[in-house]
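Q: Single-letter residue listing:
There are 2 protein chains.
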Amino acid sequence: MKPIQVGLLGIGTVGGGTFNVLTRNQEEIRRRAGRGIEIAMVADLDVERARAVVGEHAKVVADAREVIANPDIDIVVELIGGYGVAKALVMDAIAAGKHVVTANKALLAVHGTEIFEAARARGVMVAFEAAVAGGIPIIKALREGLTANRIEWIAGIINGTTNFILSEMRSKGLDFEVVLKEAQRLGYAEADPTFDIEGVDAAHKATIMAAIAFGVPVQFDKAHVEGITKLQAADIRYAEQLGYRIKLLGIARRQESGIELRVHPTLIPAKRLIANVEGAMNAVVVQGDAVGTTLYYGKGAGAEPTASAVIADLVDVTRLHTADPGNRVPHLAFQPEALSDMPILPIDQVRTAFYLRLQVADEAGVLSRVTGILAEHGISIDALLQRESAEGEKNTDVIILTHDTIEGSMRKAIAQMQALPTVLAPIVSLRKEELA
Amino acid sequence: MKPIQVGLLGIGTVGGGTFNVLTRNQEEIRRRAGRGIEIAMVADLDVERARAVVGEHAKVVADAREVIANPDIDIVVELIGGYGVAKALVMDAIAAGKHVVTANKALLAVHGTEIFEAARARGVMVAFEAAVAGGIPIIKALREGLTANRIEWIAGIINGTTNFILSEMRSKGLDFEVVLKEAQRLGYAEADPTFDIEGVDAAHKATIMAAIAFGVPVQFDKAHVEGITKLQAADIRYAEQLGYRIKLLGIARRQESGIELRVHPTLIPAKRLIANVEGAMNAVVVQGDAVGTTLYYGKGAGAEPTASAVIADLVDVTRLHTADPGNRVPHLAFQPEALSDMPILPIDQVRTAFYLRLQVADEAGVLSRVTGILAEHGISIDALLQRESAEGEKNTDVIILTHDTIEGSMRKAIAQMQALPTVLAPIVSLRKEELA
Chain W
1 MKPIQVGLLG IGTVGGGTFN VLTRNQEEIR RRAGRGIEIA MVADLDVERA
51 RAVVGEHAKV VADAREVIAN PDIDIVVELI GGYGVAKALV MDAIAAGKHV
101 VTANKALLAV HGTEIFEAAR ARGVMVAFEA AVAGGIPIIK ALREGLTANR
151 IEWIAGIING TTNFILSEMR SKGLDFEVVL KEAQRLGYAE ADPTFDIEGV
201 DAAHKATIMA AIAFGVPVQF DKAHVEGITK LQAADIRYAE QLGYRIKLLG
251 IARRQESGIE LRVHPTLIPA KRLIANVEGA MNAVVVQGDA VGTTLYYGKG
301 AGAEPTASAV IADLVDVTRL HTADPGNRVP HLAFQPEALS DMPILPIDQV
351 RTAFYLRLQV ADEAGVLSRV TGILAEHGIS IDALLQRESA EGEKNTDVII
401 LTHDTIEGSM RKAIAQMQAL PTVLAPIVSL RKEELA
Chain C
1 MKPIQVGLLG IGTVGGGTFN VLTRNQEEIR RRAGRGIEIA MVADLDVERA
51 RAVVGEHAKV VADAREVIAN PDIDIVVELI GGYGVAKALV MDAIAAGKHV
101 VTANKALLAV HGTEIFEAAR ARGVMVAFEA AVAGGIPIIK ALREGLTANR
151 IEWIAGIING TTNFILSEMR SKGLDFEVVL KEAQRLGYAE ADPTFDIEGV
201 DAAHKATIMA AIAFGVPVQF DKAHVEGITK LQAADIRYAE QLGYRIKLLG
251 IARRQESGIE LRVHPTLIPA KRLIANVEGA MNAVVVQGDA VGTTLYYGKG
301 AGAEPTASAV IADLVDVTRL HTADPGNRVP HLAFQPEALS DMPILPIDQV
351 RTAFYLRLQV ADEAGVLSRV TGILAEHGIS IDALLQRESA EGEKNTDVII
401 LTHDTIEGSM RKAIAQMQAL PTVLAPIVSL RKEELA
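Order-wise, the sequence lines are chains W and C. Quick note: the first sequence uses full-length UniProt numbering, first residue 1, plus one each step. Quick note: the second sequence uses full-length UniProt numbering, first residue 1, plus one each step.
Hints in this document: simulated from the structure, not taken from any laboratory. A portion of the hints provided could be inaccurate.
For chains that are exact copies, the list does not tell them apart, and a pair is met inside one copy or across any two.
Subject to a maximum C-alpha distance of 20 Å in a straight line, what follows is the list of computed EDC-like cross-link-like pairs (lysine to aspartate or glutamate) [as the list claims (entries may be wrong)]:
| hint | residue 1 | residue 2 |
| --- | --- | --- |
| 1 | K2 | E337 |
| 2 | K412 | E28 |
| 3 | K271 | E240 |
| 4 | K181 | E278 |
| 5 | K181 | E28 |
| 6 | K412 | E114 |
| 7 | K394 | E177 |
| 8 | K2 | E393 |
Quick caveat, the model's predicted, so the values are computed rather than measured.
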């Protein structure tokens, strides 16, 4: 059989990796797919760079629409990124009857519903394993491997840049700004790292995972997003003393009334496997009612790890190419007519435990007022640590770990504590998850 | 559409779990599969027990062949175990045109080739996610999620009983026999634990993973199998001092000349994630040339974790039921006509590092003779630790970590060292893997 014909839109890091891995492992991949997979055409504005990568093996054009218009192309791989051009091209490819493989989490987290509907109407597949956690087959695990389960929650380290920064902050005791510069120098952070360090990238991925886990539409606009830019080295140290690590987690959790969807720095017990995921690595923990806890770990970014996921999708599409469209794996794991309208909860209704750090005047009665306010809001204390003040020092740090509470109550309690004259600096609050 | 009709052969622990999870999550599962999945018939010799589980929801019979003969049944789930009856029933079910789901690793590791050929000829699916690592979707990851990769090696903690025993031996400093009794009392080890503690169960699973990873037929008879029964608490302690943990690993590794397939107690660096997998949990590390290292962690046994995998297979089969058989995922990941004849290597040709413990006379020249023998066989030393002998003690322990070597060379060197008059007890040798 003639190899399946693939058109690549964009041949930067991931595109180059995809071409290289497909070329290097073509025999192995053909043995698996039952058919060759061939990149026949590449579109990139930088035609010279594209030619340097693919040589004589594929036709290179500047205009992506030429790839889409080519009747010989079976699958279009979109590696341009972003919401604008990429969206138009994906929609065009679908309209032209092409299967689509994409690594574009931003696009799917925001416009996924529209894209999946178009693909379904046209009878083509849209595959996106590379959009979440790079080479780790987490989409497949959630969409196919864990279908027996009522998923209870997912918690993932799904942004390598921030995990690298947090690892360095902890192991070297350095501040955020210093480590960010080092990460940029080493290529772990981009020149403009905003999407990573502000948690937006992780929120895109968490949005996609939440949709697949719970059978709800993608709803990026409902996600609560906090990055790591305000995290201080002192809190990483205090957390460690208490037996916790701080990780930027993307969390999606089922509550009675809806779904928590949130990204924020989180304390997790140091003994958990995921707490020991260091550097630029990714890991996702999934809690299902039948399977219990499972964890998936690997490289979340980089040319070849991401290519690994892109090509896995190409093999899946190739294997299913002639299959009855009605029996394909649904895009969001659940059949489109069976999606749920369970709401994504506002952050005020989310339940977590908290770490609080209060800089207080070292005088009688302070602790009693602080704990009194917490009690008033029904927040109970799990552990309390008061730093011994140095000779002559007039203030000290009080660290409080709370039991689970509703975020709305905590916010009110924090506002009241902040108003105490004996609380001398802005209160640091971080969420804590046991992930048990 | 009418729910797909499932017949269950055997309703013990896993069968009961499968029925319960399917019942509890039926709505969620239908939303994913696009069609209901219904256990319509159950065969079990203990008809009373079966009726107690399924009530009025399924027809109960004593004879499995009644299930297979029923034209309404689409999928037969084999949960009997073992090679004998189970094999005959699986072959009959295939011949009757039923899709088969099985959790039977022993059956597949030994008779897989014959079973897969029959299934292919008859155009039915045989799915077996539950056969390896319980609820962890590792078969799916290897067969579909990592298809881009030339797999380099796989190393897994794939037997919960032995991992529980090793965890307890380490954390409590107890001997094997004591912990085994505790494990039996707690239900982590069976009354006859031979298959688990001798490594046979892990070897069945490693055999299946090796076939899928490298595209070779299942060849259980070529596996090198060592259990944990001879492991001594002293070596767990020495390993820990050197920064290692001892785990029973199932390892499959590609060498130039063939495939290493082996199960044995293994030293691994304590800082590796998999070294921290404790108790009855399972984890598999896969090294691919594109994706790098990925790890999959979860419960490897138990009623509902195993049911999770069985039902994932039921959903897969349901989704693919009407699909073109030529485009299904091949049983062993690679197309049957594309299997490789790469040999499974004899253990003598396997390359690993070693941990050696020699009880020696505490006198001059001993170390020089021992290290001389190693040098003679081209084995270089990575680390050496000599226990300080107590006042008046005439012998001591020497612990040696070697660099990678061929097992054949090491065996010769050990025989020579053992013959030294200053070596006072049988030399303990354990393999060490960096898993980097």
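Q: Tell me, which hint numbers fail for this structure?
A: Checked against the structure, the hints that fail are numbers 2, 5, 6, 7, 8, while the rest are satisfied.
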